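Colleague: First to last, the sequence lines map onto chains C and W. Here the first sequence is numbered in the numbering used here, starting from 186 and rising by one per residue. Here the second sequence is numbered in the numbering used here, starting from 9 and rising by one per residue.
Treat the hints loosely; a few may be bogus.
[As the list claims (entries may be wrong)] Per the computed footprint, the stretches of chain C lying under chain W, defined by three or more beta-carbons under 8 Å from a beta-carbon of chain W, are:
#, segment
1, 332 to 346
2, 409 to 423
3, 438 to 452
4, 466 to 477
[Claimed, not checked] Result set (DSSO-like, lysine-lysine): computed pairs, CA atoms no more than 30 Å apart in a straight line:
#, chain 1, residue 1, chain 2, residue 2
5, C, Lys416, W, Lys58
6, C, Lys396, C, Lys363
7, W, Lys58, C, Lys426
For the record, the hints were derived by calculation from the structure and aren't laboratory data. From a predicted model like this one, the values you see are computed outputs, not experimental measurements. We put the beta carbon where it would ideally sit given N, CA and C, even for glycine.
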Amino acid sequence: MLAIVCGHLILNGRHPLFRVWKGPSHLVDSDEEWAATNGNSTQTPMQLVDEGVHVGQVLEDLFPSVNVEQVGMEKASLNLNLREDGVRGLGMVHEVCETMEELSIVPNNMVEHGDLNAKEDTGNNDEWFIVDDHDDVANEAQHLRETCQPLYKGAKFSILATTLMLINVCMVHGVSNKFVDELLALLHKHLLPLDNCLPPTMYGAKTLTHKVGLNYTNIHACVNGCVLFRKQYKTLITCPKCESTRFKEHGQSHVAIKMVRHFPLVPRLLRMYQGVGTSELMTWHSQNRSIDGKVRHVLNSKGWEHIDATF
Amino acid sequence: MDRMNPFGEKSNTWSTWHVLGLNYNLPPWLVTKKFLLLLSLIIPGPYCVKSSNFDVYIAPMLEELAELWKGVRGVDLLQPLEKRQFIMRAILIWTIHDFPR
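Use the sequences and the hints to build the structure in full.
Modeller: Shown next as structure tokens:
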């Protein structure tokens with residue numbers, strides 16, 4: 186078989202339309218293998234978190250409206266070697282959000298809930314158009330810059346890295362919010378050098394990580410799935426259809442019985458274009474069309490072409 | 009979209025639903041990597057999502073998709089300075105899911 190192919194190649198030469206497909210060097214099946222081919226596979230979650238945070242620094246450099254003058258293409262190309270880290274870091278931040286998400290079940294009291302939701306709602310609306318709003322991006326970048334300072338003078342990790350690592354560990358093992366509070370307070374007051382900037386409470390830690398972006402929203406829902414308590418139903422205490430209650434008593438406070446977590450897509454998609462590495466991946470499809478009319482990917486389909494032509 | 013059991017206990021009757029997004033802009037060998045999956049919704053149990061309340065739960069996501077259809081202003085860093093601002097649109101190509109009862 187090989188001999189025949191070889192003979193044909195020698196006789197006929199290479200097909201003029203033949204292109205080297207920029208695919209992976211070999212088939213990569215699992216995430217671990219992918220990580221292995223793209224870097225050191227023996228990383229602990231800790232190192233991964235920290236890498237994610239270094240990427241935070243990269244992102245910060247690249248925040249468009251703040252550094253647009255200084256960051257030219259030269260800088261972008263310099264940062265290209267951080268590409269894979271960018272991808273992993275993004276995922277890491279995402280993952281930390283997820284784990285935070287899953288285990289933040291221990292309830293706050295009702296008033297706090299209301300406040301938090303209100304804040305998150307408005308925050309989200311702003312974020313959807315984050316690029317329109319110069320101040321917002323500036324604030325976010327400023328916040329990133331602040332949180333990427335070392336934890337204390339001569340510390341190995343940044344404030345953000347430390348907070349993420351601590352929260353991640355706590356969330357993975359499902360400890361209570363009180364424990365996190367006390368752990369952070371202990372570290373902040375007694376164990377770390379006096380000039381450390383570790384947030385002393387869980388609330389502080391959460392706000393710190395939330396301000397970096399890519400947040401989620403909690404939406405209260407009716408137990409029987411009749412409505413989500415948002416928009417016109419935002420202030421109701423009972424479901425308008427089945428009259429079941431929205432809150433249950435938990436000690437002295439009220440807790441929503443059912444909460445749907447919503448991770449907004451738009452800011453995440455936008456963020457993917459803002460990182461140099463991921464931006465390159467996001468535009469992969471336009472550079473790698475098959476030119477011989479064979480369908481190798483959705484992008485060769487009629488529908489995709491139609492959409493391209495329409496917009 | 010599918011149901012899952014977050015804590016891996018097989019006899020558990022609790023059913024949590026999640027909605028995942030895949031980004032087909034990415035190279036095919038990265039599309040399903042967990043770093044690049046877009047988790048959009050987590051709908052807690054104890055009961056399954058039913059066809060009667062399916063639309064209620066995915067409403068927030070649908071709003072976002074509508075937003076993306078109209079276009080959201082974004083910044084692409086790989087472009088030269090004057091071309092960086094672009095309008096990002098996204099279109100839902102298909103869904104793969106467990107049918108709610």
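Colleague: Against each hint, give a clear statement of whether it holds in the structure.
Modeller: Consistency of the hints with the structure:
1. Check result for the segment 332 to 346 of chain C against chain W: violated, 0 residues qualifying (beta carbon to beta carbon below 8 Å, three or more required).
2. Residues of the segment 409 to 423 of chain C with a Cβ under 8 Å from some Cβ of chain W number 6, which satisfies the need for three, so the listed coverage holds.
3. Look at the segment 438 to 452 of chain C against chain W: 9 of its residues bring a Cβ nearer than 8 Å to a Cβ of that chain, three or more, so the hint holds.
4. Counting residues of the segment 466 to 477 of chain C whose C-beta lies closer than 8 Å to any C-beta of chain W gives 6; at least three are required, and the coverage claim holds.
5. For the suggested pair C:Lys416 and W:Lys58, the alpha carbons sit about 22 Å apart, so the restraint of at most 30 Å is met.
6. At roughly 22 Å between alpha-carbon atoms, C:Lys396 and C:Lys363 fall within 30 Å of each other, so this suggested pair holds.
7. Proximity of W:Lys58 to C:Lys426 is assessed by CA-CA distance (about 16 Å); at most 30 Å being required, the pair is judged to hold.
Going through the hint list in order, the structure does not satisfy hint 1, though it satisfies all others.
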